[in-house]
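The listed protein sequences correspond, in order, to chains A and B. Just so you know, the first sequence maps onto residues 1 to 463 in my numbering. Just so you know, the second sequence maps onto residues 464 to 1017 in my numbering.
Keep in mind that the hints are not guaranteed to be accurate.
Said to hold, decoys possible - Here are the simulated distance ranges between beta carbons:
#1 A:A391 x B:E577: 25 to 33 Å
#2 B:G753 x A:R318: 50 to 58 Å
#3 A:E113 x B:R876: 56 to 64 Å
#4 A:A170 x B:Y796: 58 to 66 Å
#5 A:A170 x B:F557: 32 to 40 Å
#6 B:D754 x A:R318: 14 to 22 Å
#7 B:D754 x A:V357: 55 to 63 Å
#8 A:T310 x B:R876: 50 to 58 Å
#9 B:G616 x A:A170: 39 to 47 Å
#10 A:V357 x B:R597: 55 to 63 Å
#11 A:R199 x B:D749: 55 to 63 Å
#12 A:A331 x B:P777: 25 to 33 Å
#13 A:R199 x B:G753: 51 to 59 Å
#14 B:E577 x A:D330: 52 to 60 Å
If you're looking for bench data, these hints aren't it; they were derived computationally from the structure. Being a predicted model, the structure only gives us computed values, none of them experimental. The beta-carbon is built from N, C-alpha and C at its ideal position, and this holds for glycine as well.
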Amino acid sequence: MAAPPRVAIVGGGLAGAAAALEAVRQGAEVMLVSAASGATALGWGSLDVAGAVPGSRRLRWRAPLREAPLSGADRLAILIGTFATHPYAVLFGRDAARGDAAAAAEQVKQAVEDLDRALQPHGLGVEGSLDENRLLADPHGNVRVCDYAFTGAAGGNLAEVPEIAWVTLAGLPADPASVALGRLAAERAALGLSPAPARSVELRLPEGLALESVARLAAELDRPDALAALCQVAKEARAGSSAGRMWLFPPVLGLESPAPKLAALRESVGSPVAETLAAVPDATPGYRLQRALAAALDAAGVRRYAGRATNLAVREGRIGALGYTNEQGDAVEIDADAVVLATGRFLAGGLREEGGVVAESILGLPLYDGKGARVDGRPAQASVRRRYLDAHPLFGAGVVTDARLRPVNAPGGPPVAPNVFAAGDLLTGFDAARDRTGLGVALMTGVAAARNAVQGAKRGGLS
Amino acid sequence: MSGVPPRTPPVSSDPFDVLVVGGGINGAGVARDLALRGARVALVEKREFGSGTSWASSGMIHGGLRYLQHDPEVTLHSCVDSGHIQRIAPHLIFRIPFLMPIFPDDPLGAEIVEIGLEMYDRYQPFKGGRPHTRLSTAQARRLEPGLSDRIEGAFTLDEWGIDAARLCAANALDAAERGAFVRTHTELVAFLKDDSGRVCGARVRDRVTGDERRIEARETLNATGPWVARVSELAGAPVRLRPGKGIHVVFERRVSNLAVYAKGIDGRDMFTFPHEQNSMAGTTDDDFYGDLDRLEVTPDEVAYVLQAMERSLPGIREHRIAHAIAGVRPTLYGFGSYEDELSRDYAVFDHGERDGVPGFWTLAGGKLAAYRLMAEDATDQLCAALGIDASCRTHETPLPGGEAPVDPAEVSRRFGVGLPAAIRVGFRHGARASQVLAASVAPPRPVCVCEPVLDAELRHAARAEGLRTLEDACLRVRLGIGACQGAGCGARAAATLANTLDWPADRVGAELARFVDARWRAIAPVLAGDHIAALEVHRAAFLGARGFAGAEEF
Chain A
1 MAAPPRVAIV
11 GGGLAGAAAA
21 LEAVRQGAEV
31 MLVSAASGAT
41 ALGWGSLDVA
51 GAVPGSRRLR
61 WRAPLREAPL
71 SGADRLAILI
81 GTFATHPYAV
91 LFGRDAARGD
101 AAAAAEQVKQ
111 AVEDLDRALQ
121 PHGLGVEGSL
131 DENRLLADPH
141 GNVRVCDYAF
151 TGAAGGNLAE
161 VPEIAWVTLA
171 GLPADPASVA
181 LGRLAAERAA
191 LGLSPAPARS
201 VELRLPEGLA
211 LESVARLAAE
221 LDRPDALAAL
231 CQVAKEARAG
241 SSAGRMWLFP
251 PVLGLESPAP
261 KLAALRESVG
271 SPVAETLAAV
281 PDATPGYRLQ
291 RALAAALDAA
301 GVRRYAGRAT
311 NLAVREGRIG
321 ALGYTNEQGD
331 AVEIDADAVV
341 LATGRFLAGG
351 LREEGGVVAE
361 SILGLPLYDG
371 KGARVDGRPA
381 QASVRRRYLD
391 AHPLFGAGVV
401 TDARLRPVNA
411 PGGPPVAPNV
421 FAAGDLLTGF
431 DAARDRTGLG
441 VALMTGVAAA
451 RNAVQGAKRG
461 GLS
Chain B
464 MSGVPPRTPP
474 VSSDPFDVLV
484 VGGGINGAGV
494 ARDLALRGAR
504 VALVEKREFG
514 SGTSWASSGM
524 IHGGLRYLQH
534 DPEVTLHSCV
544 DSGHIQRIAP
554 HLIFRIPFLM
564 PIFPDDPLGA
574 EIVEIGLEMY
584 DRYQPFKGGR
594 PHTRLSTAQA
604 RRLEPGLSDR
614 IEGAFTLDEW
624 GIDAARLCAA
634 NALDAAERGA
644 FVRTHTELVA
654 FLKDDSGRVC
664 GARVRDRVTG
674 DERRIEARET
684 LNATGPWVAR
694 VSELAGAPVR
704 LRPGKGIHVV
714 FERRVSNLAV
724 YAKGIDGRDM
734 FTFPHEQNSM
744 AGTTDDDFYG
754 DLDRLEVTPD
764 EVAYVLQAME
774 RSLPGIREHR
784 IAHAIAGVRP
794 TLYGFGSYED
804 ELSRDYAVFD
814 HGERDGVPGF
824 WTLAGGKLAA
834 YRLMAEDATD
844 QLCAALGIDA
854 SCRTHETPLP
864 GGEAPVDPAE
874 VSRRFGVGLP
884 AAIRVGFRHG
894 ARASQVLAAS
904 VAPPRPVCVC
914 EPVLDAELRH
924 AARAEGLRTL
934 EDACLRVRLG
944 IGACQGAGCG
954 ARAAATLANT
964 LDWPADRVGA
974 ELARFVDARW
984 RAIAPVLAGD
994 HIAALEVHRA
1004 AFLGARGFAG
1014 AEEF
């Protein structure tokens, strides 16, 4: 019996984790090296696959609701048709823009289901549908159109909520409730939703709980006594509350699983309870996702190593090992039949500016913006535009791959190595902050890169 | 500050005595002086108080050691006036000890430098400064461990820093409290002239509401800093300047204990200096021919400053630069000198006498450190023309908050705010700290944590000080100019202002868009290294906080 293929993954965000979990499903032995948290840990609580794309005339944010609702397949097709170098276009082929989008949508649904199954045992679920938008509020009262969301915010779908109790916690820095609710009302109007009654409920927690920030309070509320105190004040405040009212809390319900907190609060107030999405940088849902992913990787038998990947080493004429520096500062090598780079962009360290020029950190791969212009080898400033909201090449730059997600030196050229793959934010063609497809790309390219890596390794083993 | 109406105030139908155009330190200083002398004043500023050259200055009321060589008069004036400013605004002042390292290859040599410092010592008593000292290499490096190991000793000298934007606002607000009509975001459209050709006020436009109005005045003063040339042209009385652009880079925190001198590759003196919560480094001085309304810091300018700083403080590049500021000096015209050698003197032009355009005046040139003296001179001349017989009191009448010392510990206890936040409010508002904090219904909370900007200060600025936009809060309360550049505080501050000023929901998005564009102009020139990762977080914060209502702007 052949030994299972060995896949080494660099990066522990959603792209790396999705790749690792998929590689395990495909029967591989998986090693994952991660250095620091990146964009995944900054998540605000939704998992947007087909995003909402400002700047695209055909996919204005409000269009999906004001005009005919668009299915996930429709929106995927528009995305691919609008952004030729988007990872979805690479993954599903540009033909998906014309007719094959249904198949792409099926792949998305399967990947989300698999992720949900992997995360559920660790207290985090993925809820939602690619075919129906979920409208979720953020702490400022803005409404975001989402596909899927994680346990916590997922229950706060404004499309279904008749009435809102907007919860503020005395002393916790937040927008004045009247401003947030005013904004929420304006947002509902802009989206063409019927106005819904909303009122604010201020809860005063007992002395001694840290209220400096959303994250500090979330850490406190992982303690049963602190949660009990919150439930108590919520219970006292529920007088006169109608049963159908949705209580929307700021995203403070734990850094661990929010599920038990939601259940306890629901019991206390006798109404549905959800969190709002988070406002970066108060990204409690990102912390939770990062924690749950780590737990899922451990449960799946992925061997995790802390350290910063430094190089790929050649064994018998092909890439055969991943080199990294561990936390003690020692150089270590992991033998592997295939490598998936899911190293992210600047935040996680996949890209960096050093010596005055932008570069890909491990292999020095060429970096392109979404329009095919080189970004590496030049100062960062050469790749930014005048206005903040412009599409800055720097923030949409990454590596270009072939259809199997193998990095190439030039668009259309051969892969730099037959068994090196890329996934997630390291890929070019999208700007997660603008088009909100970041986690969707991470999931879909992570899964695909892992499949390609395992298949290639099996074939390589046979030849 | 009950004298400042928060909403559109009626403009008196009587003509004002003086219309002052420009709310930088020159215009605000004159408006205050005039108001103190009983004149009826209107002050209009097209953006925010001090948002031009004043904000871009080094924020020092120093004597100007540099000017001793070419311009000893300016040094004297600056030192004397620095002493006055310290008396009227003691809360706004902080000592900045300077360290001047001596390098073996310095052209002058320590002995000659010391002769200059001995001369400068004679001016120090005017501004409450200590005489210079000479330090050994070991002493200097003990004070400032980051100093180059190539130095051969160092000198110290004493200067004073100030929050320049706050100084402008304090002058303007004091004028308002004394009855002046004061308005930001109000730009000049055209001067009014009567049949005889006399300038008798101006037509102005409110840039926020779009409303236009006439402001009639017996005398009109052009105090627009580097814009004086363009504005005087509008009145048909040309004034020439030789504008000089200067930049500062601002580190996200303090990077040295003392201000440290550095030499540019061309031999120019520059320095890195602690200033409020940050350190700044600069400045450049280059002839400027571009568009004053679209100033940009170039990568070359940043590189030039850092190259100089690196010679004195070799580790300087390891510190993150939060943003950069550009400004243009309103230097008086002169041909054939290097920028640095041009006079920092000022001039008051009576265009009736000079150009046959009566009723119109220009105050040009000058230094922040001697603003009060310039204002006094201009006000003397305006009062003479108006027949107002009152003498100047700006050297002895405290600016708002300067009336009495403040006890931060007491403020901290009384309002339940942390001591650092109380000290900060005391520094910025002096004796009025309690008044500022009382503007909050709940206990004051920080809206920003880069430095503890309290929501109460923001509310007070909006309610009682005529703050009109989120972008202006960068200058008025130092919001979003630290490490996070607004990522952590921008949206929350917008909501606080919306709450205080009753902004409609779609206004919030538009305000955030302008705020973030202004931050980007300050960040982009220094975007490098790990700063790019911080910008990824910044973008996630801002682009994530966009809503549908008002989405066209944002």
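Hints, one by one, checked against the model:
| no. | hint | in the structure |
| --- | --- | --- |
| 1 | A:A391 x B:E577: 25 to 33 Å | 57 Å, violated |
| 2 | B:G753 x A:R318: 50 to 58 Å | 56 Å, holds |
| 3 | A:E113 x B:R876: 56 to 64 Å | 58 Å, holds |
| 4 | A:A170 x B:Y796: 58 to 66 Å | 60 Å, holds |
| 5 | A:A170 x B:F557: 32 to 40 Å | 35 Å, holds |
| 6 | B:D754 x A:R318: 14 to 22 Å | 57 Å, violated |
| 7 | B:D754 x A:V357: 55 to 63 Å | 30 Å, violated |
| 8 | A:T310 x B:R876: 50 to 58 Å | 54 Å, holds |
| 9 | B:G616 x A:A170: 39 to 47 Å | 58 Å, violated |
| 10 | A:V357 x B:R597: 55 to 63 Å | 44 Å, violated |
| 11 | A:R199 x B:D749: 55 to 63 Å | 58 Å, holds |
| 12 | A:A331 x B:P777: 25 to 33 Å | 29 Å, holds |
| 13 | A:R199 x B:G753: 51 to 59 Å | 53 Å, holds |
| 14 | B:E577 x A:D330: 52 to 60 Å | 54 Å, holds |
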